[in-house]
Amino acid sequence: MPNSSESAAIRVSLWRRGMNHLVTMAAAAAVLLVLLPLGAIFAYLVYKGVGALNWSFLTQTPKPVGEPGGGMANAIAGSALILLIASAMGVPIGIGAGVYLAEYGRNRMGDLIRFTADVLNGVPSIVVGIVAYGVVVLAQGHFSALAGGFALGMMMIPTITRATEEMLLLVPQAIREAAYGLGIARWRTTLSITLRTATSGVITGVMLAFARVAGETAPLLFTAFGNQYWNWKINQPTAALSLQIFTYAISPFDEWHRQAWAGALILILLIVIAVSALRIAASRGMLKGTS
Amino acid sequence: MLKAKDPRFWDGLFHLAMLACALCVLALVGIIVFELTKRSQLSWKAFGWKFFFGNDWDPVNEQFGAWPFVYGTIVSSLLALFLAVPLGLGVAMFITEMCPRRLKEILAFATELLAAIPSVIYGLWAIFVLVPLVRVYLEPWLARYFGWTRLFEGPPYGIGMLAAGMILAIMVVPIISSITREVMTAVPQQQREAVLALGATRWEMIRIGVLRNARAGIFGAVILGLGRALGETMAVTMVIGNRPEISRSLFSPGYTMASVIANEFSEAATDTYLSALVEIGLALFLVTIIVNILAQILVWSVTRGMPARGHA
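Line order of the protein sequences matches chains A and B.
Following numbering that gives the first Met the number 0, the numbering of the first sequence begins with 0 at its first residue and continues without gaps.
Following numbering that gives the first Met the number 0, the numbering of the second sequence begins with 0 at its first residue and continues without gaps.
Simulated from the structure, these hints should not be mistaken for laboratory data.
A couple of the hints might just be wrong.
Pairwise CB distance ranges, derived in the manner of DEER restraints [unchecked claim]:
no., chain 1, residue 1, chain 2, residue 2, range
1, B, A268, A, A27, 49 to 57 Å
2, B, F81, A, L190, 44 to 52 Å
3, A, L83, B, W48, 40 to 48 Å
For glycine and all other residues, C-beta sits at the position ideal for the given N, C-alpha and C.
Bound conformation, chain A alone (with noise of 0.2 Å):
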């Protein structure tokens, strides 16, 4: 017969592996809680998406409210087109930056860069964008797709800029040491051997900054504007993919509802190549265990 204190041990670590279990289930109904939207959003794309998709959206410029058919294709070449811009500028100054702040950045400036890198990576989009409407609309009087990419590459610097860093601190001293032993210039050794060795993972910064800023559509609602027709000029307004979903989502038409999926699709599809193909690289070389 157990005497009383010792059913009062058992009952307490009875209690207190309840509790372990209870705990245990509640995090994994968490986990499960946070699948599920993630589960539904792709499933609703796909089905949703797939059956909207068809060569003419692929192809074609909208069509009047009413009139079926009709597609995406001037939306589609204007992400590309703001994109384009946004990398030319984002990607070169996000990565000096970077290699500032690695080579040369271990003072005073160096932490201020550092730490106004942190704060423009937590600048709100809609912010950028009334920053770009400022300074790049107002200035050429209309919407453009400069302005457009001039928003998304502020966005980007910031993440290339932190991810460059890390890379090349990721690179070993001795690599340097051994290239200033040879003779090579200070400068030479930055971009041939240290920039060189780290190169998958600069180019993985990239690639991420790439993906945050490709769906995008708050700084482009006043900056790109959107458009109805095709456009090539950098100085005229110009369609998004993601501007474009968020009109037709919000409209009251079925087609446009349908057309919101099928662009969302085409949206995510190049989001997650970028991300997956991200992580691949991650996986590998010298980027192991700093994901």
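We have chain A already, so just place chain B on it with the hints.
Showing chain B alone in chain A's frame:
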């Protein structure tokens, strides 16, 4: 003077070029601050501090009070945190402490994927899937059993504060869980072993050995989630209803600071109107910056000494 042949010349030039890139980052933040303050002057001079506490948003008569938007932003963000914090912590705890290694990779990837979905796609999904579910099932149920709190009354539109808070929560969970994971991983393994050696169950080990050590960082993760929720625009704009009203009920439509800028900026016809919208943007900028800095400090306090990592 250094000549072009001198290797130090090229070194100096390279250094300068890289410095110029770095200064661009500085300049961009400078431009943001300058643009926002300059273009909000008109509204600031006209309304002063009253701007943020006024209830009227009447572009026709040039009366601007931003309180309904401030209110909507605060309520939708807090609602999002209320839903997302337990979920995010649960997910982080499960991934770092409980699940088998193989599952770990997959789950980490899945939550990362959730963070990569663009806001406009969340909005699209919310309009056509979440909102009908909320209208038909959730809202009548809440009204029936929790109507007495007066938080859930009025007609169930589906569109409104509740739907906005829910979609925000889904978007904020990956941030909270990934930073929490990072912070929990930073807690030394010995802490866990020490607690386990005392005969603790796994939950007691997590509670005493991990959570207690990581709490500042976890708080930082939550604040970082708040920063994201405050500035989030598209998904919220698509489901919150966009009416500058203040109501206790979460069923009723609202409006947020980011949404009002998104909807009205390109239609703002007068200078004061535009200036008022920019002032809302400035406020949003300042608040998110403060929130983010606070969060960074908290996260650093735990992960300090670990290699620096950029997180999206």
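Return holds or violated for the Cβ distance of F81/B and L190/A against the range 44 to 52 Å.
50 Å, holds
Could you see if the CB distance from A268/B to A27/A stays within 49 to 57 Å?
For A27/A against A268/B, whose Cβ atoms are near 54 Å apart, the range 49 to 57 Å holds.
Can you tell me whether the CB distance of L83/A to W48/B sits inside 40 to 48 Å?
44 Å, holds
Checked against the numbered hints above, the structure violates none of them.
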